[in-house]
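Protein chains in written order, with the numbering used here: chain A, 1 to 370; chain B, 1 to 120.
I should point out that these hints are in silico values taken from the structure, not numbers from a laboratory. Accuracy of the hints is not assured; some may be wrong.
Stated by the list, open to error - Computed cross-link-like contacts, DSS-like style, restricted to lysine-lysine with a CA-CA straight-line distance of at most 25 Å: (1) Lys-344/A / Lys-14/A; (2) Lys-267/A / Lys-204/A; (3) Lys-38/B / Lys-55/A; (4) Lys-149/A / Lys-13/B; (5) Lys-288/A / Lys-111/B; (6) Lys-91/B / Lys-149/A; (7) Lys-282/A / Lys-241/A; (8) Lys-13/B / Lys-180/A; (9) Lys-55/A / Lys-91/B.
What the hints assert, rightly or not - Some chain A residues well away from chain B (every beta-carbon gap over 10 Å; in silico): (10) His-50; (11) Glu-54; (12) Arg-71; (13) Val-213.
Each residue gets a CB set at the ideal place from its N, CA and C atoms; glycine is no exception.
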Amino acid sequence: MTQGWLGMTKTTLKLNLGPQHPSTHGVLRLILELEGEKILSCEPDIGYLHRGMEKMAEKLSYIQYLPVVDRIDYLAGCFYSELFCRTIENALNIELSERDKNIRVLLLELNRISSHLLWIGAFLMDLGAVSPFFYSMREREMVLRFFEKLTGQRMMYNYFVFGGVRNDIGYIDDIKEIIKILPNKIKDYERIITDNPIFLARTKNKGILEKSVAANYSITGVNLRASGISYDLRQNDYLYKGYEFNPVVLQGKDAWARYKARILELKESLNLIRQALDKISKTKTQAKTFISPLGIKLPEGEYYNEIEAPRGLASIYIKSLGDNVPYRLKWRTGSYYSVNLLKKLLLGEFLNDAIAIAGSLDIILPEVDK
Amino acid sequence: MRALLIGLLTVFKHLFMRPVTLEYPEKKRELSPAFRGKLYTSGCIGCGICKKVCPSGAIQYNKDSDNKVTSYTFDLKKCIFCGNCMYYCPKGAIKMEPEYELGSDNISDLKLSYKGGNND
Ligand code: SF4
Ligand code: SF4
Numbered sequence: 001m002t003q004g005w006l007g008m009t010k011t012t013l014k015l016n017l018g019p020q021h022p023s024t025h026g027v028l029r030l031i032l033e034l035e036g037e038k039i040l041s042c043e044p045d046i047g048y049l050h051r052g053m054e055k056m057a058e059k060l061s062y063i064q065y066l067p068v069v070d071r072i073d074y075l076a077g078c079f080y081s082e083l084f085c086r087t088i089e090n091a092l093n094i095e096l097s098e099r100d101k102n103i104r105v106l107l108l109e110l111n112r113i114s115s116h117l118l119w120i121g122a123f124l125m126d127l128g129a130v131s132p133f134f135y136s137m138r139e140r141e142m143v144l145r146f147f148e149k150l151t152g153q154r155m156m157y158n159y160f161v162f163g164g165v166r167n168d169i170g171y172i173d174d175i176k177e178i179i180k181i182l183p184n185k186i187k188d189y190e191r192i193i194t195d196n197p198i199f200l201a202r203t204k205n206k207g208i209l210e211k212s213v214a215a216n217y218s219i220t221g222v223n224l225r226a227s228g229i230s231y232d233l234r235q236n237d238y239l240y241k242g243y244e245f246n247p248v249v250l251q252g253k254d255a256w257a258r259y260k261a262r263i264l265e266l267k268e269s270l271n272l273i274r275q276a277l278d279k280i281s282k283t284k285t286q287a288k289t290f291i292s293p294l295g296i297k298l299p300e301g302e303y304y305n306e307i308e309a310p311r312g313l314a315s316i317y318i319k320s321l322g323d324n325v326p327y328r329l330k331w332r333t334g335s336y337y338s339v340n341l342l343k344k345l346l347l348g349e350f351l352n353d354a355i356a357i358a359g360s361l362d363i364i365l366p367e368v369d370k
Numbered sequence: 001m002r003a004l005l006i007g008l009l010t011v012f013k014h015l016f017m018r019p020v021t022l023e024y025p026e027k028k029r030e031l032s033p034a035f036r037g038k039l040y041t042s043g044c045i046g047c048g049i050c051k052k053v054c055p056s057g058a059i060q061y062n063k064d065s066d067n068k069v070t071s072y073t074f075d076l077k078k079c080i081f082c083g084n085c086m087y088y089c090p091k092g093a094i095k096m097e098p099e100y101e102l103g104s105d106n107i108s109d110l111k112l113s114y115k116g117g118n119n120d
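So that you can see chain A by itself, here it is in the shape it has in the complex:
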């Protein structure tokens, strides 16, 4: 309670944003303390989607755990599959063929596109623009249908396996179609969104993320790059060796810059897909080396790997005692740190900007709660 105008007393209001709020993209609860419309403090409450992903690993053999990792981030399952497979491959010294590497790059980038497309739609929906949601979902559907044909499922692919991919790439025409159509559609989004005065008013100079804050809060991925720090793991990832690629770095630091960075990333991903297709067409289908699913055991030791996922750096840590299950498995996911950042970013902002700022960070709750 504080002393206000003409000696009247002012009280603050505690407001629960979520966990069932449509703009929180899952079940995030933000406990906000408000003075009028101004946010005095923000306390994120997470855990509503906790599925015990890490504990589960301690009971399941590596092959049983493989389909589960797709579900850590259901919008970008390929990345976690890749991370998990890569760790096992490194530990057991399994070499990937050139073709399989390129297929993996292709799918990772397609997955990134589908994830960013959903974000664009959902973010604009949060800000009250309905049409872009339908457009981006329409384009995302093309990508998902390709995934369905190739892997048998739209989101939980279970396609990457230890030592390669499940079956050889097919449906190249579908990908070519996506590459042909998508650039025009991205232009359409930009026409509708990028310079729209309402969108600008709601995102320009909102949620400014300074470099030092971003570094202190361990922010990675697009959010970091939109604050002017060039840090993209794809630059020295072994899968992306031989690919021409420029990380998207913007200086804007605000919600608008984060939107723009994702649009530019879409284009960059399309670029990588073109290169991957080119490389795949130069290699031939090879007979698969069959790795027996049963009896995969990691030698005693600790293993760590990381990858650039759509929502920032994702990493895995496995401690093995030489059994067929890990002793401990730990995931690091980008969104978890973005949620933590809200504590800082929302201070002093208005309530109606809170949604725009939280939305611009691309938080996805299954990834946070694991």
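Here the structure of chain A is known, so what remains is to put chain B with the ligands in place on it, guided by the hints.
Chain B with the ligands in isolation, oriented as in the chain A frame:
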């Protein structure tokens, strides 16, 4: 102002496009044949690999005294349709078909039981 107009025009363009949505459940989209849906089994020899690779313990089977499989059950309440059982069965005994409307009022329908399992 100009930006608003360009945006509106782009949206307006969509009025003349063909619809992309379907009126489910009256109309249904054709799924790809690779879609991992309802599970079927035939020709099982009871080696037990599928049980070992299944992450959710959805598979149960019984054998008689001759070591022949008498019944084989998938529990849809537990199955996550990952396809591991299908991919690793050495006999190719498991198939997943693009059928996805598997909900039921009756809980016993959620157990897919197949008699036998042997080729002969
Ligand atoms: S379905 Fe296949 S893997 Fe499972 S027990 Fe029968 S033969 Fe073995
Ligand atoms: S699809 Fe996956 S969860 Fe379902 S029975 Fe087969 S292995 Fe188990």
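Verification of the supplied hints:
Taking the CA atoms of Lys-344/A and Lys-14/A, the gap is about 17 Å. The hint holds against a cut of 25 Å. For the hint pairing Lys-267/A with Lys-204/A, the CA-to-CA distance comes to about 22 Å; that is within 25 Å, so the pair holds. Distance hint between Lys-38/B and Lys-55/A is unfulfilled; the C-alpha atoms sit about 29 Å from each other, more than 25 Å. Only pairs whose Cα atoms come within 25 Å are accepted, and Lys-149/A paired with Lys-13/B is rejected, the gap being roughly 30 Å.
Taking the CA atoms of Lys-288/A and Lys-111/B, the gap is about 34 Å. The hint is violated against a cut of 25 Å. At roughly 24 Å between alpha-carbon atoms, Lys-91/B and Lys-149/A fall within 25 Å of each other, so this suggested pair holds. At roughly 16 Å between alpha-carbon atoms, Lys-282/A and Lys-241/A fall within 25 Å of each other, so this suggested pair holds. For a cut-off of 25 Å, the pair hint linking Lys-13/B to Lys-180/A stands: about 19 Å separates their Cα positions.
The suggested pairing of Lys-55/A with Lys-91/B is violated, with an alpha-carbon distance near 33 Å, which exceeds 25 Å. Every beta carbon of chain B lies more than 10 Å from that of His-50/A, the smallest distance being close to 17 Å; the non-interface claim holds. Distance to chain B confirms Glu-54/A as a non-interface residue, since its nearest Cβ pair spans about 15 Å, more than 10 Å. Once the 10 Å rule is applied to beta carbons, Arg-71/A is inconsistent with being away from chain B; the minimum gap is 8 Å.
Here Val-213/A stays apart from chain B, with its beta-carbon at least about 31 Å from theirs, past the 10 Å limit.
Going down the numbered hints, you'll see the structure goes against 3, 4, 5, 9 and 12, while the others check out.
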